[in-house]
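S.K.: Residue strings, one per chain:
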Amino acid sequence: MTGFAVRAENVSRRYGQRTALDGFTLEVPQGGVFGLLGPNGSGKSTFIAMLAAMQPADSGTIEVLGKAPSRELLRRVATVFQENTADPLMKVSDYLRFSGRLFGVAPAELRVRSFQLLERFGLGTRANDSVASLSGGMRRRLEVVRALLHQPELLLLDEPTTGIDAEERSVLWRELLDGSEATTVLLATNDLAEADAVCQNVAFIQSGKVVASGAPAALKAGLRRESVRITLTGASPEQIASIASIPGTGEIAHDGNSLTIPTDDASMLVPKLFALVPAAIRSVTIATASLEDAYFQHVRRRTEGTSK
Amino acid sequence: MSAALTLARRDLMTVVRSRSQLYSSMLTPLLFLVLLGNGVSKGLQPSNLSAGNFTAYLVAGTVVMTSVFSSTFSSASYYRDRDSGMLRLLLSTPHAPRTLLFGKSLAALVIGVIQALIVLLVAAPFVDFEWQHGVPAGIGIALAAVVLVNLMLTGLAQALASRIQTMQGFHLLMNLALFPLLFFSGAFFPIDDLPTWLRVLAFVNPLTYAVDALELATYAGNDDGFIGLGIDFAVLGALAVAVYVAGLARVPKVTWSGE
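Sequence order for the protein chains is A and B.
Note that my numbering has the first sequence beginning at -1, numbered continuously upward.
Note that my numbering has the second sequence beginning at 500, numbered continuously upward.
Just so you know, these hints were derived from the structure itself, not from any lab.
One thing to keep in mind: the hints can contain errors.
To be verified - With a cut-off of at most 20 Å between alpha-carbon atoms, the simulated SDA-like pairs for lysine to any residue come out as follows:
| # | chain 1 | residue 1 | chain 2 | residue 2 |
| --- | --- | --- | --- | --- |
| 1 | A | K89 | B | T513 |
| 2 | A | K89 | B | R508 |
| 3 | A | K89 | A | R124 |
| 4 | A | K207 | A | R16 |
| 5 | A | K65 | B | R516 |
| 6 | A | K89 | B | R516 |
| 7 | A | K89 | B | R579 |
| 8 | A | K89 | A | V129 |
| 9 | A | K89 | B | S583 |
Quick caveat: nothing in here was measured; it's all calculated off a predicted structure.
All chains should be built: construct the whole structure from the sequences, respecting the hints.
M.R.: This is how it looks when you write it as structure tokens:
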């Protein structure tokens, strides 16, 4: 065993003229939730498809649970796709029985696991209902129940909460994270707030490459820790230029009458702002640095680096 | 094998729940039998048919027509699975795609055979079958013919479904290919007195041999004027195996996003 649930080294994959993965290198430690973050088309889904042995790499090496991806290995891996896979014509219990059998779960164990997981994910009373009668959020929970039936060591989640409301999202993550499964979760998402909340480690993906990876706190560490957003009326260009020259501030973002100013310490900055433009400030909002800030900082750095 | 049987069982249950599919593939051929059979028997009085009347004559063709409808409907499950996302789930299991295809075609085969036999059994009391080989042997021969023709049609439908992107296109092509074959198979009228070029078409038509075998199994008093069971089963057996294997040759492809 390598100590890593997933290892990828210099993996590349092209579709005709389009490059999906380009020298993709990543190590996912065993246990916990690891986030793959990137915009649509960045290569997240291509990489997960390779882990699930549904697509080969053109070059490079991939290890899943210490072995090359294969169909046999899928007995130890589960996948939750971005879209539902349950046949609406089937009953919930039939769907789980069918899925579990395909992954080799014994009938007696399957009955127990189905019952326990349906209860845990709040679907215990819906076992005999048709899949078509479930709400969107319930169907997403059913997909996770289905994926956990065979107690996978690696759970691949491809944007599992797309299109569901905040409450359903919260229920899904709470039950998934509170479970007793010794499962490594690899989450592909472009929801940075969700990743910040649930992931122990993340990797930022851009144009088929990993541009940064690590714990969210570590990725935020190099940033200005806070940002101050002020709304101004009647401020002169000279006054705005003087704000930009305040020591300890980062690059200012303009949005109409609003300015967002990254800073190490908002409590020191705000009095200086009132001293510089006392009559023009209409509102002040202070925010701490998020994973989104870290993401944009790394992605922007990369873009600037490649454009030179 | 266990995975294939699991999949076959699930497809069978889906068809049982889908009443419209279950009944329509049998009712349409039975309506043909009752309406067309009685209409032509009474209105045109075809006296030179070896079956004695047109309704009895139509039975063999109706059974083959049922198999055509059933295989077409069953293969539509391929499209339903693709559109519902189930196909992606199947391809993310530890089983080879060909095993999964085998399971699906097994279900289609079982459904087709059962529906064809139901049509035969429903028709039997109303027509005067002679059962020249005796009832048990006749039913055995009919069963063998029905299994082989369904195997062939299921393989054909599977081969087309894995290559045609849309269900509409699939149905169009199946109808385009199979209805002319059905007409020149002896299902609706004897092929003996047709012009030579049509007889040639009939003899290169695999459904002709299925109709012939079913006629010989049920109403024929002797083998005169028929192709013969030996040739029927040789042609049907060879084609059924070849087409079925061709149907399993191409495994379904689905992208991660399900397209």
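S.K.: Does each hint hold? Answer for all of them.
M.R.: Okay, the hints, checked on the actual structure:
The straight-line distance between the Cα atoms of A/K89 and B/T513 is roughly 10 Å, inside the 20 Å bound, and the hint therefore holds. For the hint pairing A/K89 with B/R508, the CA-to-CA distance comes to about 14 Å; that is within 20 Å, so the pair holds. Of the supplied pair hints, the one linking A/K89 and A/R124 holds, its CA atoms being roughly 9 Å apart against a limit of 20 Å. Proposed proximity of A/K207 and A/R16 is supported: the alpha carbons are some 14 Å apart, at most 20 Å.
For the hint pairing A/K65 with B/R516, the CA-to-CA distance comes to about 42 Å; that exceeds 20 Å, so the pair is violated. A hinted pair counts as satisfied when its Cα atoms are at most 20 Å apart, and A/K89 with B/R516 qualifies at roughly 11 Å. This hinted pair checks out: A/K89 and B/R579 have alpha carbons roughly 16 Å apart, not beyond 20 Å. Under the criterion of a C-alpha separation no larger than 20 Å, the hint pairing A/K89 with A/V129 is consistent with the structure, at around 6 Å.
Taken as a hint, the A/K89 and B/S583 pair is honoured in the structure, with Cα atoms around 14 Å apart against an allowance of 20 Å.
Violated hint for the displayed structure: number 5, the only one.
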